[in-house]
Structure formats: structure tokens, C-alpha cells
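Line by line, the protein sequences are chains A and B. Residue 441 is where the first sequence ends in numbering that gives the first Met the number 0, and the numbering goes up by one at each step. Residue 376 is where the second sequence ends in numbering that gives the first Met the number 0, and the numbering goes up by one at each step.
Calculated from the structure, these hints are not laboratory results. Errors might be hidden in some of the hints.
Here are some of the chain A residues that sit facing chain B, going by a computed Cβ distance under 8 Å [said to hold, decoys possible]:
#: 1; residue: P184
#: 2; residue: R202
#: 3; residue: R206
#: 4; residue: G226
#: 5; residue: V324
No residue lacks a Cβ here, since even glycine has one placed at the ideal position from N, Cα and C.
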Amino acid sequence: MNGHTNHDRTIWVGSHDAHTLDAVSAVNPRRRRRIPGIAAAVGAAIALSACATDAPQDTWQPAGENAQKIHDLQWPVFLTAGIVGVLVFGLLAVTVLRFRDKGQSMPEQTHGKPVIEYLFIAIPAVILAAIAIPTVGVVMALADTDDTECVINVTGQQWWWEYDYEVEDDGTICGFAPTAAEAAPIVTSGQLVIPADTKVLLRGTSRDVIHSYWIPRLNGKRDMVPGRVHYLRLSSETPGIYAGQCTEFCGLSHANMRMETIVLEPDHFQQWLDNELEPYTSPEEGTLAAAGESTFITQCSRCHQVNGLVDDRGTDDPDDDTLVVSYPDQFVYSGAAPNLTNLMGRNTFAGATFDLLTDECRADVWEADPEVFGERYLAGVTEDCLNEIELREWLRNSPAKKPMYADAEMLTETDGKTRGMPYLALSEDQIDELIAYLLERK
Amino acid sequence: MFTTGAKLLLGATVASLAGTVAYGVLAEGTMGTIGLVSATVALATLAGIVIFTRDANVFADEPDTFDGAAANAARPGASMWPFALGLAVTTMTLGLVTYPAIFILGAILFVAGIAEWILQAWSERASADASHNAEVRSRLAYTAEMPVAAAIGLGIVIYSFSRVMLGVPSKTSTIVAFSIVATIVLIVGAIVGANRSITAPKITALFAVAGVALIGGGAVSGLNGERHMHEYETTAYFAEKDECGAEKTYADKHASQTVAGKAGSVEVILNPDGRLVHRKPGDEVDRVGAMQLPRSNPNNLLFRNETNEDRRLVIDLAPDYEGSPPRICSMLVEPGGVQWLTVNFAVPSFAPEITEIGGYRFQVPGVDSADLEVVVP
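One chain only, chain B, in its complex shape (with noise of 0.2 Å):
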């Protein structure tokens, strides 16, 4: 019953315990008996656990023992998942130095790791055969790993796309090129559908092609960078600079003609008399009056210039107040354009510092005639 290991750790235990009692009695010392406590405890554990395994041995007279030892089990089958948990933890230490990003991504590939790696070694106990083994680990795994697959696939594709579309030199040779290619795109297509004795690895090949070569432009594109494209100055960046004055200075022309611009906005229009007057959604008439306009709301305003000049428009705000910067201006606005401007008035007409600077007024730089109150209530 008691096996020599058994024996071993059983009279180590004994005698243990009783190199503890006697420390305890004659030294007196706490932290020793503690120490001795511990290994009496350690050792009977090991002495409990190699009873209770008969310290792995396995005897010829008893089969039904032996073919349920471990020793018998089938060998797991080769895996890559250990490995792959290795990259994973190695890419999580890496990411805790470097980049959130990095960590993320050694994250998801741990848990998919561990799950891989779960799913495979309970699939190999399913039976006796491997094929069927196979056959049931594909069955719950597929469910999973096809969508997630597509869907790298796909990104995979749309990034290489995007990639080689901003690396084209321009606008119009990104839609020269993409004209040709989606031509190409459609004869191939055609030929392939026309001809029915096409086989299929023909057609794997043609995929495989056009694959690496989307992905091998958008590598290449990836590594040239995106082409130059200009970043337009906002109007808060004039104010932040106090560039209101008549100076030149640019902006998107694009940006008003959003959907956004064009409907259910107020307009300040600038007329060939040099005049400001108003219009807003509902009544589509140009007042000359004061223009009222809720406070602490972000106004989006359309600058219509109906001038032959270029020509921007200002309000001062107030200049105390920390709401809000005291200038605010459009971009120089080409004769017959029209430009956004975002005012949020942050106190009323009446307050003391807006009375001060005469009200709330919008103005244009280099036209004298050009005024119109704004009344904030």
C-alpha cells in the first residue's frame, strides 16, 4: 500500500513534527516553530498526495490501472497555441512599455489563444479518431472563426484600398485609375462569366493575384504616406491669431456646402451696396434691422460676399469675458462665395462689457457701410 516515496515523506513528516514540538518546548522561538509548522504541513501534504497516486507507479497485475494511467493517454497533437500564448504575453509586456495599442493587441490574441487552445484539447478527448475529433473541433469552432476571419479579410482589403486611393498624386488621377481598374475589373468578369469550362483554380489564381497586388499597392502606398492634402485654417484659429483685418488668408471654400449649410441656416449678406442684411429659414426676406439671435447657442451663420471683392465678416465679442474670444471672424470670402461662421454669444447685449464696445455688431474689414446690430437676448 505504502510506496517507497510514501514511506519517505511519511517519516519526514514525523519526523518534522517532532523536531517542532521540540523546538517549541526547549527554544521557545516564534518564528522558528512557525517555520517548522510549515514544513511538517508541506511535507504531510506530499506524503497525503503520493499516497492518494500511489507515487505513479503502475503494477503489472493490475491492467485496468495501467490503461488508465496518463502514461497511456494518446499524445496531445502538435500545436501552435502555446506558442501563440507565448507571443501574446511577450506582446502585452511589450505593449505596457510602449503603446496601449500594442497591449490590446497582445490581449485579444491571448484570449484567443487560450480559447484555441481550450477547444482543441477538449476536441482531441472527444474519441478515438482523429478525423472525427477534427471534425467536431471545426464544427464550434468555424462558428467563431469564419466571421472573424471575413472580417479581417475584409479590413484587411478596405486598408489596402484606402491606402493605395490616398496614395494616388491627385483627385483626378485617383479617378483616372480607379476608372481603369474598375474597367478591368468588369471585362475580367466578364470573360470569366462568359467562359463556363473556366475551372476553379483558375479562378483561385485570378483572386489570388488581384489579392496580393491590392495588398502589395497598399503596402507600397502605406510606406509612401498619403499625398499632400492642405489643411484649412477655422475660423477660431483666425481669432486665436487676430487675423479679422482685410489680410489674405484661406479656408475651405467646401466647407458651407454641406447639407447643413445649405438648409436651416441664418444668412448675413453682404449686397453689392455694401449693406448687411439678414435672412433666416421661414420668411426668406432680407432685413436691415438688428438681428436677434439666442445666447450661449452655437449660431452657424452663412456669409453670403454679393460684393466684387474679397471680402470677410466680423463681430467683436466680449472682451472680458472668459466664454468667449474677443474677435471672431470668416475667412476672406471670394466675390459671389459664401463661408460659415460660428458665433456663440456667451452674455446678452445688455451686459456691461458688450454695452462698453457698443453692442454686439458685424462688420466688414475695409466696407464703412457695412453694419448690423445684433441683438442677443
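Isolated chain A, as found in the complex (with noise of 0.2 Å):
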């Protein structure tokens, strides 16, 4: 290109680039006529996103006190963030557009606007100042859990949560003394269930790598790292399911790595807990889930937990019965596996990634109203409502249907420990078995 320079600006000449310039802006006109279509349509399919009413991880929608803080910051922040973008945008598209060149020219330089300068200092300060205050004062508001009704201890690990209630000193569990049974650490995983209009402390941390708490509509997200202990409040008054998932990348199944926090009115989680601590029945004798049990303890047992479960086989004197305790630790990188105690009791099982629920009975307990949610929770799952095909297809291999590092063969760094449920390569009939037997674990 041919050209010269005049101070800062650059005068093209020549017929080449003179007439590359009409051909750009030939074709320009019907280019530029199309862009404000594109950004308007672009821009309504953002908006319209926020219309979304399936949407259960929606920080916009708090039903938990602590979320509702969160809430009640962001919308100025929000607003604040947003007024500030349009008016910078804003200035900056009048700018391009009105002192474009034209060829006109160039306006008279100085050096220095002291008061543009300070007003650009002051303005931004005073915003961040006033985004700041209370903002602190949410930060602060969260981390206050003097008031705590309630200790859950949560643990992470690839790619699932672990939740065991503590029993507190005067013996009862979220202050709800067992009815029946003596109270004892209850441990379940992928569905947190938690009493309404309760205060819950929920005390976390990794078995593996760092993984995040998340439940967008009760709190803030709070990171659970190995060695240490973080802390969250979670608290809601609707009962209902509230979804969330773990926020840090934590490895292959991160997106798999999901929860649920169930709130129960109260005289519903006096029912749960009650439930939890029941005794352990064995399947009638002779039946398939009797088979079951006693592919459980062959199969399944040297990584999950079934409380009560005693291994009776090949005995009748009671005195030999040996009580079945798991070894997670000897197989699994993280050392743990879910327990089943009441699996069927949960609406989700492989770390909240899949449901036990068919469609129609899970919509019929996701979107129950608060009054009836508690009950329909509580009936569990029922054969008729058992989402079988993929219960079956989790048996048959599992690393298929959620990705895991379950090869022990190619896991020298974990001692050749799997991370994840790994392939049993169980018959059809042990599958048969098994599923009879978890149906009967609630």
C-alpha cells in the first residue's frame, strides 16, 4: 500500500487500496443492516434464557436464609455492574462512531484533564466502596453459625458425597431424639436430608482432592479440601429437593459429581431418622432377594457398607454369625464407597447422577407441593416406580455408564486402587438378585 504520513493520522493514496476500499464498503451496507438483527436476536436468546422455569440450580430463585442474603446483594451489585457496562459501552460506541474519521482534521492535543482524571478516580472508589460495605457485611453474615440446631459432617471423595449426622451430646441427631432405636451416626450419600426452619452446619472434607459444596439455592459454594475442615450453613423453610454440584475440578466425572439437599418438615425427618436407625431384616428365606443378600455379601460388600448386614451362610448356630463390615480402603483410591443401608430410600443413587425414580414418579415427588413433598419422598422407592433399566445397566458395567478410572491394571499411582466403582462382570441373575435385594433396602 502506498501512503504518507501527516502527524498521527495516515492518508491512503492509490488507486489499488482506493478501490479495495470501495469494494469493503460496497458490500458493507447490507452487512452492517443485518448486524443490529444478529445482536438483537442474540441478545433476546440470552434474556429469554433467564426465563428458564426448569431450572432447579438457580441462584436467582433463594429458598434458604442464607441464600436469600446472597440475593439480596447481587441484585444491586447486579444492577450496579450493569448500569456501569451500558454507560461505558454506551460511550464507547458513541465515541467510535461520532469522532470516526471522516477527514477532518486533527482536533488540537493537550496533555492532562486534572478534573476528568480525578472524577475517573473518585467515581469508580465510591462505587466499590459502596458495592463493598455490604458486601463485607454479607461475607461476615455468612460465616456466623453460632446458632447452629444441627451437625452433619459431608465428605467428598471421587465422584460422589458422603454424609454421616453426628450425634449430639444429649444423644439426639439435629435435636430429633430416635423414637425406637438408640441414636447412632447415620451415614448415607447423594441426597442430604435436613429438617425445616433448621439451623444445619454442615462440616466438610475431601478424601481425595478438592471438591465444592454447592447448593445454589441455599448458600454460596464453600471448596472441602483434604486435611482441613470447612464449614456451611445451609437452611431452607419450603420443603423440597434443591440440586447442586460439585464446582471445583475434582477429575474425569467432575460433571457427574452431583447432590441433593431434601428438607423434610419436621414431624417427615423424625420419620427418616427413624428409618435410618432401624434394625437390619434379612430378605424372607428362599426368596430372590435372599439370593441377593448373599450375592451382596460376595460381590458388593468388600467396598459397601450395608449396617446390620451378618454374613449367616453356610451356618445355623447365631454364635458363628459374622457381622459384614466393608474394606473400601483396600480396593478404592479414596478409601470409601457409598453405603446402602437404605439405598432405596434415596430418589438418586452413582453420586445423585442417576435416578431410582422412573420419569413419571420422580416428577411426581420433584414437583410435589411443600405440603405433600415429605410423604411422597418418604414412600421411597417402590417396585412400580424403580428405574430398573438403568440400575440394571450401573450392575452390568458401570464404568460404561459413568466414566471412572476403574482399571486397576492402569492405576500404578493409586497402588492399583480404582477411582470409582469398577466392572464386576456380574451374571444376568446376579443383577436379578441384587436389584431384588436393594429393593428391599429402605
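Hints given; two lone chains; assemble the complex.
Written out as C-alpha cells, the structure is:
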């Protein structure tokens, strides 16, 4: 290209460049007319996405005290940021369009404008200070856990969450005394069940890598770090299911590490608690479930605990019965596998990734009004409602269903231990037996 | 067309071919035939090369050929890279029979030598002007050489500095020595900054002296070795040696003073009454009942001794379980002191091997009232 420089402006001359520019400007008007349309379509798509109703992880629909505090803060912050953004980009657009090069002479060049410079420092400082004051207040309020009414330990591992309920010094769990049984720690996974109107303190850590616990409608997120104990307050007045997912990349199935918090009315929570503490009952002899119990002991109990399960095979003497204790630390890198004592009391399995309920039954629970939610949730998984297809697929080949590092031979760095559930080569008969057995675990 | 050498080789090829045919037909020896065929092919190849290159003869009546002949090409400049490559091969060989690190060093030298030699050879053909060729080489080579040289130089300075710091007899004298050095650097810098007439050679000399002093100091300190640093035993060591009684043992008193130790840890406190209580993050309340901790997880606990005597925290784990030691304990903690103890419960409290020993219990040797049950679900 040919050209000469006049101060800071470059004036282009020459037939080739002039033709090129003419050609571009000849095409541009048509394209330019499309730009507002495209921009409007993109903007509308983004704006309409905010109207989604099936959005269980929406921070703009708070359902808990702390989530409400965050929500009350994020509104003015987003509003302020939006106004600032519109002003900045608007002024930028005006400047670009109005003062673009149209061949006019160079305006007078000056250096420095103290009034403007002071304003440009003062205005952001005032805005940031105005945002910082309520933000710090909310951060401190979120960290306040002095009035805790219930403590639940949360432990993350690849790729599921374990919950164990602490027994308080007075023998209660979350302030509820068991009706029949003696209070004992309850261990469950995937779904965290809490009583409504109760200030719950989650005390969390991790067994392998850093995970992050987040139920958007109940509170902000909290990292769960190996070797440390972090805590998080959850509470809600409204019974229902509140979904969340791990928000710290934690390996292959990070996207499948989900969790749900179940809020139950106090009387429903009492029922759930009593049910969890009920003694183990063996399946009726001669049934498919009884065969499943035997299969479970041989195939699953190395890693999965079912509280109260005894191995009485090969003996009629009750004194020879052996309590079945799992040893997942021998086989799994994280050292843990989900406790399956009351599996069918939950709605989901495999790190809350898959539903234990069919679509229709799931909708009955998930979309239930708060008044009837507790009853429907406590009904658990019935034979008619069991999502047998996915459970069967899982038992048939779990690594094919959920990506996991399940081939021990390829995991030299973990000393041959798997990350996640391995392929067990179960026969179809064994799967039938296990499903029958697990269906009774509630 | 055919040079003397070409004629010789062609004749030899034909003779070999004839001999091959004769031997193959008359002697019927496979190996001999193969050998003669190979010789024929080799001679034919050599004959072809000699014909193609005209036996490297340059005829006086062919000036173009003379100008382009290899013999007329400019001599390559002096190069240290063949020597460096020889050294690299020797180093690699030495590394093969000694240490991998020496082999890696030789390999790095080999790759660098090859690259530099290729670059030099390429740049010497860039033009007939040697100074231009040198500039071409520098322009390309400096992009890699300068950062590498800077990194090596910086590494030498840092390594020398660290050797000097570790060689000073005590931490206190390290602080004193380097405060003096820092002051000298500040004063010299101020003088140099204030003196506008100082010349570049003087500054260069100053840096050279400082560099030699630093590297020399580092070398001397490195040869003398590091000062004595006490290696503290770990709780795992105590567990292995079964030294969890009231005997005196020493561990790093500062181990619990890390950021990780001061936040997000469960505390087990031996209070002045001789009772064990626990305090967990989130509620900050001293609890006397059983403490619940997750299984198969390295639980970091802070043991705080609020009594007037040295005490340690002890817990019995699964005696017959291969995944954990039978007993683990903290170091002996002074009055008012705090110490880490990491406990990993391999099996739950209800496992038969744990119920047989009365469950998991934190205890303090010499204090009978100190007993805290741990529930591992």
C-alpha cells in the first residue's frame, strides 16, 4: 500500500487501495444492516434464557436464609455493574461512531485534564466502596454459625458425597431423639436430608482431591479440601429437593458429581430418622432377595457397607454369624464407597447422577407441593417406580455408565486401587438378585 | 568421459559379474554366490558414484566447474562445537554407567552442540561477507542463547546464595550477615547512583567482583556443607518405634504453626482438670461427648495441652488390620503447647477388631481421667 504520514494520521493514496476500500464499502452497508438484527437475536436469546422454569440450580430463586442474603446482595451489585457496563460501552460506541476518521483535521492535542482524572478515580472508588460495605457485611453474616441446631459431616470423594449425621451430647440427631432405636451416626450419600426451619452446619472435608459443595438455592459454594475442615450453613423453610453439583474440577466425572438437599417438615424428618435407625432385616428365605443378599456379601460388601448385615451362610448357629464390615480402603483410592443401608430411601444413585425413580414417579416427588412433598419422598422407591433400566445398566458395567478410572491395572500411581466403581462382570442372574435385594433396602 | 578410476571400477564390476556367473553355475555354492553378487553390486555402486562425480577431477578447461568445486569452497570457520559434541558423547557414555543425571546433562549438551553447529554451518553459507554471516547467526541464535544464559546465570547466583545462607553456622548469624550484606549493597548502590561520572568499566568491574565473591563464597560454603539442622521425628516414627508412653521425645514444635494448622482443624484439648474435650470448626464449643470423625480420611487434629506438665495424645487403632498401625501418638507437648496428630481410621468403630479393644479412645498417658471416645461411622 502507498501512503504518507501526516502527524498521527495516515492518509492512504493509490488506486489499488482506493478500489479495495470502495469494494469493501460497497458490501458493508448490507452487512451492516444485518448486524443490529443479529445482535438483537443474540441478546434476546440470552435474555430469554433467564425465563427458564426448569432450572433447579438457579441462584436467583433463593430458598434459604443464606441464599436470600446472597440474593439481596447480588441484585444491587449486578444492577450497578449493569449500569456501569451500559454507560462505558455506550460512551465507547458514541466515541467510535461520532469521532471516527472522516477526513477531518486533527483536533488540538493536549496533555492531562485534572478534573476528569480526579473524577475517573473518585467515581469508581465511590462505587467500589458502596459495593464493598454490604458485601463485607454479607460475607461476615454467612460465616456466622453460632446458632447452629444440627451438625452434619460432609465428605467429598471422586465422584460422590457422603453425609454422616453427628449424635449430639444429649443423644439427639439434629435435635430429634430417635423414637425406638438408640441414636447412632447415620451414614448416607448423594441426598442430604435436613429438617425445615433448622440451622444446619455442614462440616466438610475431602478424601482425595479438592471438591466444592454448592446448593445454589440454599447458600454459596464451599471448597472441601483434604486435611482441612470447612463449614457451611444450610437452612430452608420450604420442603422440597434442592439440587447442586461439585464446582471444583475434580477429575474425569466431575460433571457427574451431583448432590441434592432434601428439606422435610419436622415430623417427616423424624420419620426419616427413625427409618434410618431401624435394625437390619434380612430378606425372607428362599426369595430372590435372599439370594441377592448372598450375592451382595460376595460381590459388593468389600466396598459397600450395609449396616447390620451379617454373614450367616453355611451355619445354623447364630453365634457363628459374622458382622459384615466393608473395607473400601483396600480397593478404592478414596478409601470409601457409598453406604447402601437405605439405598431405596433415596431418589438417586451413583453420586446422585442417575434417578432411582422412573420419570413419572420422579416428577411426582420433584414437582410436589411443599405440603405433600415429605410423604411422597418418604415413600421411597417402590417396585413400580424403580428405574430398573439404569440401575441394571449400572450393575452390568458401571464405568460404561459413568466415566471413572476403574481399571486397576492402569492405575499404578494409586497402587492398583480404582477411582470409582469397577466393572464386576456380574451375570444377569446376579443382577436380578441384587436388584431384588436392594429394593428392600429402605 | 570415463576417468581412470571409473574405468577401473567398471572393469572390476564386469569381472566380478563374470566370476559370480561362473561360480554360480560351476560351484553351485549359495553363500559364495551371495558374496559375489554383493561384491558386484558394491563395485557397480562405486563405479556409478565415480562416473557421476567424474572422479573428483577438475579440468583446467572448465572454469565453471573449477569455481564450483568443493575444493574451491571457502574453508569453514573455527568451531568449538565438534569438541563440545565429543564431550557430550563422552558425558552421555559416562552417564550410562554412573548416574542418569550425568546422561541427561550429556544429552542436553549434545542437542545444544548439534543445534549450534548446524546454525554456524548454515550462517557461514549465508554470504561471502563473514561479518554479515556472524550477524545473521547472532540474530537467530540470541533468541535462544540469551534466555538460556540468563537462566543459567540466575541459577548460579541463586544456588551460590543459598549455599552461603545454609553454610552460615546459625539462623541468627544468617540474619546478621545478610543484613550487613544488604546494607553494603544499599550503600554502594547509593554511591553509584549519586556519582554521575562513574564509567561503565568501573560498574562492570564492581559487578564482576561481587559475582566472583558470591560464586566463590557459594563454592566454599558448598564444600564445607550445610550447618547442622536437627531432624525431628514424626508421629509415624513414634508409632513405629512404639514410643507413645510417658518417655521424653522431641518433634518439631512449629509443625502446627502453619496456616493449615491454625484454621480448619479439629482440636482435642487436655484441659486443666485433666479431661479431654474437643472443639470443631463451625461451632467453637468445647464438647465432652464422643467425637465423630470420618473413616478412611487423614484427620488432622490439633492437640492442645492446657495442663502444667508435658503430655502426649495417644490412640489405639486396629491391631490386626494391615491398613493402620496399632497405636499412634503425638509428640510430648509442653504446658500450653499445641501439636499436630494425623489419624486415619481404616475401619469403623463397629468393626469386631475395634469393639474388642473397647472402641477408639483418645487417651493421655499418666492422666487416667483423660479419655475421649471417637466414633467412626
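Hints versus structure:
1. P184: 4 Å, holds
2. R202: It holds, given that the least Cβ distance between A:R202 and chain B is near 6 Å, below 8 Å.
3. R206: With a minimum Cβ separation of about 5 Å from chain B (threshold 8 Å), the hint on A:R206 holds.
4. G226: Holds: closest Cβ of chain B sits about 5 Å from A:G226, inside 8 Å.
5. V324: Nearest chain B Cβ about 5 Å off; hint holds.
No hint from the list above goes unmet by this structure.
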